[in-house]
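Asks: Line order of the protein sequences matches chains A and B. The opening position of the first sequence corresponds to residue 789 in the numbering used here, with each subsequent residue numbered one higher. The opening position of the second sequence corresponds to residue 930 in the numbering used here, with each subsequent residue numbered one higher.
Take these hints with a grain of salt, some might be off.
[As the list claims (entries may be wrong)] With a cut-off of at most 30 Å between alpha-carbon atoms, the simulated DSSO-like pairs for lysine-lysine come out as follows: (1) Lys1000/B with Lys845/A; (2) Lys1040/B with Lys985/B; (3) Lys801/A with Lys845/A; (4) Lys845/A with Lys971/B; (5) Lys971/B with Lys883/A; (6) Lys985/B with Lys997/B; (7) Lys985/B with Lys1000/B; (8) Lys883/A with Lys985/B; (9) Lys845/A with Lys997/B; (10) Lys845/A with Lys883/A; (11) Lys971/B with Lys801/A.
It is worth saying that the hints were derived from the structure and are not from the lab.
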Amino acid sequence: KAGVTQTPRYLIKTRGQQVTLSCSPISGHRSVSWYQQTPGQGLQFLFEYFSETQRNKGNFPGRFSGRQFSNSRSEMNVSTLELGDSALYLCASSKGDFGTDTQYFGPGTRLTVL
Amino acid sequence: GESVGLHLPTLSVQEGDNSIINCAYSNSASDYFIWYKQESGKGPQFIIDIRSNMDKRQGQRVTVLLNKTVKHLSLQIAATQPGDSAVYFCAEGFYNNNDMRFGAGTRLTVKP
Chain A
789 KAGVTQTPRY
799 LIKTRGQQVT
809 LSCSPISGHR
819 SVSWYQQTPG
829 QGLQFLFEYF
839 SETQRNKGNF
849 PGRFSGRQFS
859 NSRSEMNVST
869 LELGDSALYL
879 CASSKGDFGT
889 DTQYFGPGTR
899 LTVL
Chain B
930 GESVGLHLPT
940 LSVQEGDNSI
950 INCAYSNSAS
960 DYFIWYKQES
970 GKGPQFIIDI
980 RSNMDKRQGQ
990 RVTVLLNKTV
1000 KHLSLQIAAT
1010 QPGDSAVYFC
1020 AEGFYNNNDM
1030 RFGAGTRLTV
1040 KP
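Input sequences plus hints: build the corresponding full structure.
Replies: This is the structure in structure tokens:
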């Protein structure tokens, strides 16, 4: 069974630009969650999508948005990039049943904002 | 605000020894806890979870202990192996919500 895949793996952008990251979940998984990982703040939850609807949202500004397609693939978008957005962005997929449902993480997209 | 923290940022053990990684949490209302392992260049990998109605849960070579009185969580790894070298995160949250809060992480190094 193929794992969670994320593209691209590495990305370099400049301040003010926008970026779109993609996540393909494990086949059969309907939930995709996004996380930001930085040395200073650690792992922080961005949002979760389930059946094309945002089900949970963390405490990030509106510049961070996402969507999920009918095939469960998900994208997240960051507009007007800031230097502080440099981070490893991780997505995790699961079947969608809370608690008993293990999240499987992808390898992440390393975003560098110059 | 509420936060999740780790007592030890680094831990070095000999191969074959048992490892104990600790975590303190602040939100007494949290009812679900997870331990993750993250190896270099990879995403976090689920190790074991525990709900607040339990004090102990065992997996393969791992045991999680939850002490709600002092809001403390620990991960015990038996017979630690070089492949266990990684950063370990605890996360707290609620059983019906994926908005988990992660600790800073502890780097475990296993010496051969």
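Asks: Tell me, which hint numbers fail for this structure?
Replies: Those not satisfied: there are none.
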